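Residue numbers (the numbering used here), protein chains in the order written: chain S, 651 to 975; chain E, 651 to 975.
No lab work stands behind these hints: they were computed from the structure. Certain hints may be false.
What the hints assert, rightly or not - Below 35 Å or equal to it, Euclidean Cα-Cα: the simulated DSBU-like pairs (lysine-lysine) are:
1. Lys751(S) - Lys920(E)
2. Lys860(S) - Lys658(E)
3. Lys839(E) - Lys714(S)
4. Lys856(E) - Lys860(S)
5. Lys714(E) - Lys938(S)
6. Lys876(S) - Lys868(E)
7. Lys821(S) - Lys973(E)
8. Lys972(E) - Lys962(S)
9. Lys881(S) - Lys972(E)
10. Lys821(E) - Lys839(S)
11. Lys876(S) - Lys972(E)
12. Lys769(E) - Lys821(S)
13. Lys856(S) - Lys658(E)
14. Lys821(S) - Lys962(E)
15. Lys821(S) - Lys876(E)
16. Lys665(S) - Lys972(E)
17. Lys881(E) - Lys870(S)
18. Lys769(S) - Lys894(E)
19. Lys839(S) - Lys870(E)
20. Lys714(E) - Lys717(S)
21. Lys839(S) - Lys876(E)
22. Lys972(E) - Lys919(S)
23. Lys714(E) - Lys973(S)
24. Lys856(S) - Lys838(E)
25. Lys658(S) - Lys894(E)
26. Lys714(S) - Lys753(E)
27. Lys698(S) - Lys870(E)
28. Lys868(S) - Lys702(E)
29. Lys839(E) - Lys856(S)
Claimed, not checked - Covered by chain S, per the in silico footprint, the following chain E stretches (three or more residues, Cβ under 8 Å):
30. 748 to 761
31. 777 to 783
32. 899 to 911
33. 917 to 924
Said to hold, decoys possible - Partial chain S-side listing against chain E, Cβ under 7 Å, derived:
34. Ser721
35. Ser722
36. Ile907
37. Glu908
From a predicted model like this one, the values you see are computed outputs, not experimental measurements. Note that CB positions come from ideal geometry on N, CA and C, so glycine has one too.
Protein chains: 2
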Amino acid sequence: MMLNNSVKEIFSAIKEEILKANRIVLSSHINPDGDNLGSVLGMYSVLKQMGKEVYPIIDDEIPKDYKFLPSSEVIKRPEEINFTPDLFITLDSATLDRIGKSKEIFEKAKKTINFDHHKTNDSYADLNYVSEKSATGEVLFEFFHTEKIDINKAAATCLYTAISSDTGSFKYDSTSSYTFYAASELMKKGIDINEIAVNLYQNRSKSKTKLLIEVASKIKYYFDDKVGLGKVTNDIMESVGAEKHDSEGIVEFIRDIEGLELAVLLKEKKDGGVRLSMRSKSQLDCAKIASFFGGGGHTRAAGATIDLPIDKAEEVLIEEIKKQL
Amino acid sequence: MMLNNSVKEIFSAIKEEILKANRIVLSSHINPDGDNLGSVLGMYSVLKQMGKEVYPIIDDEIPKDYKFLPSSEVIKRPEEINFTPDLFITLDSATLDRIGKSKEIFEKAKKTINFDHHKTNDSYADLNYVSEKSATGEVLFEFFHTEKIDINKAAATCLYTAISSDTGSFKYDSTSSYTFYAASELMKKGIDINEIAVNLYQNRSKSKTKLLIEVASKIKYYFDDKVGLGKVTNDIMESVGAEKHDSEGIVEFIRDIEGLELAVLLKEKKDGGVRLSMRSKSQLDCAKIASFFGGGGHTRAAGATIDLPIDKAEEVLIEEIKKQL
């Protein structure tokens, strides 16, 4: 891939700052996912190998699904950092507020760098490299690979996990020729993709499984079966012993039904109201529907919060979908 | 990738035969899947572009899931071929018997070529290129790419589909650095991976969905939940209006439950007996258990037929698994 001059310049400047720094703090955002954690820990392993003192911090709990990532145990909370870092690197955070309390440390750091793949990133650091790739893991791969910085096996495992999890295993539109090139190069480091696949994709908890089956057995169809709708009520959550994140994956399960153009999941919030998630296959614009409710997202995946009881929310939503069909 | 001399020689010999031939017949095997059809139609598009008369034949029905593949409508049945081909190319067939009635045409062809990725392939053609890659689609990519034979967009769509479907979207162990390299190069041809993903992975029929939910809601657990077992009875099949292939994917759904090491699916056969399918995550050897029942397969995916009523088969199977745990 040919890089333009401005990318070359920013890469040189970033590399220079890294070489100069001794104590480096790394941070992803609150509600961390596979791309965040993979990017933070991938960067960690590379910088450790370069002989740096590196402190990955996240202002949140680490989901247990990602405990298999090399060095995940070294992640600290922001309150554990009581020094002024030479360098603070944010990963996968479109705005500075996304990093939570880590922001206080960012603000006193001598120098800051921002690596991200969200086009909405507002370039809040001293040096910013934002590239609309499939994952921040892919952005980091591009930087290391271009700058000939060695990616060891642990780092490769983390960056591969970042890319795989943020593309639904290379299925989303954001997957490009370069995404596959990155995966090809990372595999040359001897990573174990079976271990990664087991942890990312073969790890559905029993309560999650029960919840999925319960909700899926009651899918409602609208508009000649073009729309499928599932409801996660507090009652169902309780009856199957489900936890906070157990409804993840249900809306995709509904989307994957043949002939369906739009999948909808309504989830009762504990403090009232409903969380709406939508997925579409090709034509329908989820973001447009979400925006009616003050929400947002992308064409094929969007969401919103509706301050109505779940059955009323369903009614209003169906009316809105009717207009868009 | 460096190729050894024998590969270079076989590629030259194959290319020479293709260039010499005018009327070429292509065949995959009975019960065709994404890799077979993608390989046959990928080879078709490449050879058509080279100006050849090409006849893809398959001695079976084409599953409707693959009708989206470019030129799928040109596939014929063997009985429609009433001439002597200059060249017959088999794709993805480990033995000649696998191609069904197409064998008669193979036997009278002036020259034959065999492209495959199964290590059990017995090299039954005049020229054989068998390489243990993730998919025959990847084997064909290697041949075209090495020999600098142009892969057009239609062919790239077919070869990508072959690779994606035979690796469960780049998740299986058979996925290598070269697999990703192939995907990276194929994407440069402008293929639409969203269209492919919708057709391969977002296309679960309603009857299949109902069957999955019904069977999954009754999973039985054994040995401290290390083993999960589902049963597809003729009664359940009938009650949800399920068709022949609707039980596909259920055993993988069971495997993906957290903590489970082995997933088992027992499916009643219409003419008596039970079809056993197994998937494991890492340690347990499915092939070893299958072999006890006269079946076979791989470490992480194997199957067998058990000539017992379904409840009795479950009992015997659980005893056998106990020995292996």
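Do the hints match the structure? See the list:
At most 35 Å may separate the alpha-carbon atoms for a hinted pair to count; Lys751(S) and Lys920(E) exceed this at roughly 62 Å. For the proposed pair Lys860(S) and Lys658(E), the alpha carbon gap of about 54 Å is over 35 Å, so the pair is violated. Under the criterion of a C-alpha separation no larger than 35 Å, the hint pairing Lys839(E) with Lys714(S) is inconsistent with the structure, at around 39 Å. This hinted pair checks out: Lys856(E) and Lys860(S) have alpha carbons roughly 19 Å apart, not beyond 35 Å.
Among the hinted pairs, Lys714(E) with Lys938(S) is consistent with the structure: their alpha-carbon atoms are about 32 Å apart, no more than 35 Å. Of the pairs offered as hints, the one joining Lys876(S) and Lys868(E) holds, with about 29 Å between alpha carbons and a cut-off of 35 Å not exceeded. Distance restraint check for Lys821(S) and Lys973(E): the Cα-Cα separation of roughly 39 Å exceeds the 35 Å cut-off, and the hinted pair is therefore not satisfied. Using a Cα cut-off of 35 Å, the hinted pair Lys972(E) and Lys962(S) is violated, with the two alpha carbons roughly 52 Å apart.
Proposed proximity of Lys881(S) and Lys972(E) is contradicted: the alpha carbons are some 40 Å apart, above 35 Å. With a CA separation close to 17 Å, the supplied pair Lys821(E) and Lys839(S) stays within the 35 Å bound. At roughly 46 Å between alpha-carbon atoms, Lys876(S) and Lys972(E) are farther apart than 35 Å, so this suggested pair is violated. In summary, the hint linking Lys769(E) to Lys821(S) is supported, as the alpha carbons are separated by about 28 Å, within the 35 Å threshold.
Under the criterion of a C-alpha separation no larger than 35 Å, the hint pairing Lys856(S) with Lys658(E) is inconsistent with the structure, at around 51 Å. For the hint linking Lys821(S) to Lys962(E), the alpha-carbon distance of about 41 Å lies beyond 35 Å, and the restraint is violated. A threshold of 35 Å between alpha carbons decides the hint, and for Lys821(S) with Lys876(E) the separation of about 30 Å falls inside it, so the pair holds. Restraint check for Lys665(S) and Lys972(E): the C-alpha separation of about 56 Å exceeds 35 Å, so the hint is violated.
Taking the CA atoms of Lys881(E) and Lys870(S), the gap is near 26 Å; set against the 35 Å cutoff, the hint holds. For the proposed pair Lys769(S) and Lys894(E), the alpha carbon gap of about 46 Å is over 35 Å, so the pair is violated. Between Lys839(S) and Lys870(E) the alpha-carbon distance is near 40 Å, which puts this suggested pair outside the 35 Å criterion. Our distance criterion of 35 Å between C-alpha atoms is broken by Lys714(E) and Lys717(S), whose separation comes to about 41 Å.
Straight-line distance between C-alpha atoms of Lys839(S) and Lys876(E) comes to about 32 Å, which keeps the hinted pair within the 35 Å bound. Distance restraint check for Lys972(E) and Lys919(S): the Cα-Cα separation of roughly 44 Å exceeds the 35 Å cut-off, and the hinted pair is therefore not satisfied. Restraint check for Lys714(E) and Lys973(S): satisfied, since their Cα atoms lie roughly 32 Å apart, inside the 35 Å limit. This hinted pair does not check out: Lys856(S) and Lys838(E) have alpha carbons roughly 41 Å apart, beyond 35 Å.
For the hint pairing Lys658(S) with Lys894(E), the CA-to-CA distance comes to about 57 Å; that exceeds 35 Å, so the pair is violated. Distance restraint check for Lys714(S) and Lys753(E): the Cα-Cα separation of roughly 53 Å exceeds the 35 Å cut-off, and the hinted pair is therefore not satisfied. Restraint check for Lys698(S) and Lys870(E): not satisfied, since their Cα atoms lie roughly 46 Å apart, outside the 35 Å limit. Under the criterion of a C-alpha separation no larger than 35 Å, the hint pairing Lys868(S) with Lys702(E) is inconsistent with the structure, at around 53 Å.
In summary, the hint linking Lys839(E) to Lys856(S) is not supported, as the alpha carbons are separated by about 42 Å, beyond the 35 Å threshold. Counting residues of the stretch 748 to 761 of chain E whose C-beta sits closer than 8 Å to any C-beta of chain S gives 0, which falls short of three, so the coverage hint is violated. By the rule of at least three residues with a Cβ nearer than 8 Å to a Cβ of chain S, the coverage given for the stretch 777 to 783 of chain E is violated, with 0 such residues. With 5 residues having a Cβ less than 8 Å from any Cβ of chain S, the stretch 899 to 911 of chain E passes the three-residue criterion, so the hint holds.
For the stretch 917 to 924 of chain E, the proposed coverage by chain S is not satisfied: 0 residues have a C-beta within less than 8 Å of a C-beta in that chain, short of the threshold of three. Interface restraint check: Ser721(S) against chain E, minimum CB-CB distance 22 Å, threshold 7 Å, status violated. Given the 7 Å rule on beta carbons, the hint for Ser722(S) is violated: about 18 Å separates it from the nearest Cβ of chain E. Restraint check, Ile907(S) versus chain E: the minimum CB separation of about 5 Å is within 7 Å; hint holds.
Proximity of Glu908(S) to chain E holds as hinted, the smallest CB-CB distance being about 5 Å (cut-off 7 Å).
Checked against the numbered hints listed earlier, the structure breaks hints 1, 2, 3, 7, 8, 9, 11, 13, 14, 16, 18, 19, 20, 22, 24, 25, 26, 27, 28, 29, 30, 31, 33, 34, 35; every other hint is satisfied.
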